[in-house]
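Now for the letters of each chain:
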Amino acid sequence: MKLHRIYAIILRFMYLFRHSLDRLSDAFYWPTLDLLLWGVTSTYFRSYLPQTSQIVLVILGGILLWIIVWRGQYEITIGILEDLWNRNLVNIFVTPLKFSEWITSLVMLGIIKAIMSFSFGLFVAFILYKINIFTLGFYLIPFALLLIITGWWIGFFIAGLILRYGIKIQQLAWTAPWVISPFSAIYYPVSSLPDWAQAIALFIPTSYVFEGAREVIEKGTLDPNKLYISLLLNSTYIILSLIFLKKSFDKVLERGLVKL
Amino acid sequence: MQNNVLEVKNLTKKFGNFTAVDNISFSLKEGEILGLLGPNGAGKTTTIQMLLGVLTPTSGDIKYFDKKLTENREEILEQVNFSSSYTNFPWSLTVKEVLTFISYLYSINERKKRLDKIVEMFKLDSLLRKQIHELSSGQLTKVNLAKAFINFPKVLLLDEPTASLDPDVAKYIRDFLLNQQKEFKVSIILTSHNMAEVEEVSDRVIFINNGKIIADDIPKNLAKSIKTSHVDLLINDGFKKTIELCKEMHVSYKIQGRHIIVDVKEKSIPEFLRDLTNNKIYYDEISIEKPTLEDYFLYIANKTRL
Chain A
1 MKLHRIYAII LRFMYLFRHS LDRLSDAFYW PTLDLLLWGV TSTYFRSYLP QTSQIVLVIL
61 GGILLWIIVW RGQYEITIGI LEDLWNRNLV NIFVTPLKFS EWITSLVMLG IIKAIMSFSF
121 GLFVAFILYK INIFTLGFYL IPFALLLIIT GWWIGFFIAG LILRYGIKIQ QLAWTAPWVI
181 SPFSAIYYPV SSLPDWAQAI ALFIPTSYVF EGAREVIEKG TLDPNKLYIS LLLNSTYIIL
241 SLIFLKKSFD KVLERGLVKL
Chain W
1001 MQNNVLEVKN LTKKFGNFTA VDNISFSLKE GEILGLLGPN GAGKTTTIQM LLGVLTPTSG
1061 DIKYFDKKLT ENREEILEQV NFSSSYTNFP WSLTVKEVLT FISYLYSINE RKKRLDKIVE
1121 MFKLDSLLRK QIHELSSGQL TKVNLAKAFI NFPKVLLLDE PTASLDPDVA KYIRDFLLNQ
1181 QKEFKVSIIL TSHNMAEVEE VSDRVIFINN GKIIADDIPK NLAKSIKTSH VDLLINDGFK
1241 KTIELCKEMH VSYKIQGRHI IVDVKEKSIP EFLRDLTNNK IYYDEISIEK PTLEDYFLYI
1301 ANKTRL
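Those protein sequence lines, which keep their order, are chains A and W. The first sequence maps to residues 1 to 260 in our numbering. The second sequence maps to residues 1001 to 1306 in our numbering.
Bound-form chain W, shown alone:
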């Protein structure tokens, strides 16, 4: 059985009368990647800040490796790191200077060797002499991630780890994270707006809304809880009739050129396709997309807005 590296119990944060995080409890296992999702303002960032000790909880307990964060901050933070898009580095320092001074904040053996390895792992050679303000947002994200690995962390908190990265670099980072998980049993909590990414890398997903955990499951199960599939049709004849049929059946649809994408409950798909035939609607192509984590996210986000 895997050990819990992080345990959060009844964590609450209130700002005056507003409750940003409301009595949440969860754990993170050794080598597990946990996606922390929720609409803007749901309480994700507040939770991460409390987990890092840069925000004092109103109540509740945070334990890493069976030790309370408040009482063992120094020892715990030696083994934890984070990367986020809402912080920055001293803008006039070079990448090399930033990584060097941050490396001295941790007890690292063979510091120089570790820095060289980090540069190699994140392909930072060409950026080392650049000042932070000269970097593109994608390059900055890369430096942020490199910084997060500097101390051989056992637990990593990543807020939007691939934000602003080119698709190929984002893919490289995702593979890198999965590799670190496998090879060194690094446990990771990540937030991302890229649902496909969360689905791809997370072993488990926690969904937060209005400061409360509303779901805690594997991504597949969360997606499954949405019973609607997307039926994508390239209509040959009967475009208007299809729209009328959708209205009659009270199903939502989206038009994209000659395509019409209809949201149909999984069990009603055969009936829908039969109705198309009965109405003499002909299509050249059809694809059925199963619900994804993104659908779950949109469902929750829409519910919140309502």
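Extracted from the complex, chain A is given alone in its bound form:
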């Protein structure tokens, strides 16, 4: 892997970020709106149900942590879509750029953008509601890592589908991560899901992270098995999704990148 080539792709998307109102609003506008809406809603609930004192932290913490999943996935799929929309894939793949370098660039962009959006969200949540996600302490680090890995494998899987079927299924780039959100138990415990949904949640790595985060907020402790299971599931899915993405890319090369 050559660092200058990874830097080239990151640079290309950072230039785009500077010029694109769409990408700026994705990074800042929507997280702010979510935090505002759910901050007011949860504050209202707390005023009526005093026994739910942690409700604002639980809900806004869920929103903030979900930003990490979303940004991780979004940068990969939108990155690929941007090059398809601009008919730029051929331009970058007639250079020595390797497939692995391209993917690494998009993954790194996901990290950069997740840090940007997450930090901005933290700031907004603290200013508006005096919510501090750092109450999760050092657990925040494994939580964030597990969440961004989930974002990556969703991103790889959707990117593979987009490469195979083209931009006619581009809507998946925005909708796909939300498919797992009900089973991730972002704002509520898994036990509140119907039985069939609880069975699905067992296979969703993010459900263990959000359950764990609530455990830390409510009890100040964490069952480490939650982290291990989440890591095991994430590792399995990321390997499978990478294989799928590589196979999709090879399939595209059989048809020709120009025809995408």
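These are computed hints drawn from the structure, not numbers from a lab. Hints should not be assumed to be uniformly reliable.
Said to hold, decoys possible - In silico EDC-like links for lysine to aspartate or glutamate, alpha-carbon gap of 20 angstroms or less: (1) W/Lys1068 - A/Glu82; (2) W/Lys1014 - A/Glu254; (3) A/Lys98 - W/Glu1075.
Go by the hints and put chain W onto chain A.
Chain W in isolation, oriented as in the chain A frame:
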């Protein structure tokens, strides 16, 4: 003897039952400019895509500098570049940003210096701050070409390099390509719909039709294979009689104002001119145009349509 920088052997590409490129073999020498011609759908673009590694061949070998493209992709593509009208750049980026990010995709020493040189060579100063979507198609073609030279390529694949350019800029680009060929021994494969351009710059021309190479020769020889010349007459008296004579002789003709352009086999020109005199047809001006590469192209294209 010049070395081959590119060797293509038995290259085939099938899309399902359709064979787009059918077992073609050719080579490109160091410092050679090779024109790749053929009617639309002949297999030119498919061939170029395979040469660039963005389309997997069904069978066959592509070797640059004696090394297989499939096994040495990274090393080879450091020394190859291309420019085409069927790709685009990120539309919201400025010209400077595009050239900068692409320069980082190659291992270039003194990157800044190279970028400045490229800007100077292609006279891009006034375009640097413009976003891609603000460029005219001619300006975009210029940026595309500038991009193609960013990595000091030894082999260049150019698809319609002067498309949409004003004649003076197109001329500048042609001279520039010839200069690069002479000075740095850059080898170039180019496709173009401008036959005069291909004739002017190419050392050799490969003609592809239905995925097969049907001719591989210097432009002059291909043009020579067409035995018909164009006799352009400015008729003074006897316009109708000329048309009747053409019909009698079964030769094709084209009317342009008072001019009539008749396609006559080279060896029959004296006989044709004698017949004009015998029929008391008088002309004020006459010019005889030898067959060109365009005539060869039209001949092949018409044959394909039939």
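Hints and how they fare:
For a cut-off of 20 angstroms, the pair hint linking lysine 1068 of chain W to glutamate 82 of chain A is broken: about 32 angstroms separates their Cα positions. Our distance criterion of 20 angstroms between C-alpha atoms is met by lysine 1014 of chain W and glutamate 254 of chain A, whose separation comes to about 9 angstroms. Note on lysine 98 of chain A and glutamate 1075 of chain W: the hinted pairing holds, with a Cα-Cα distance of about 11 angstroms set against a maximum of 20 angstroms.
Going down the numbered hints, you'll see the structure goes against just number 1.
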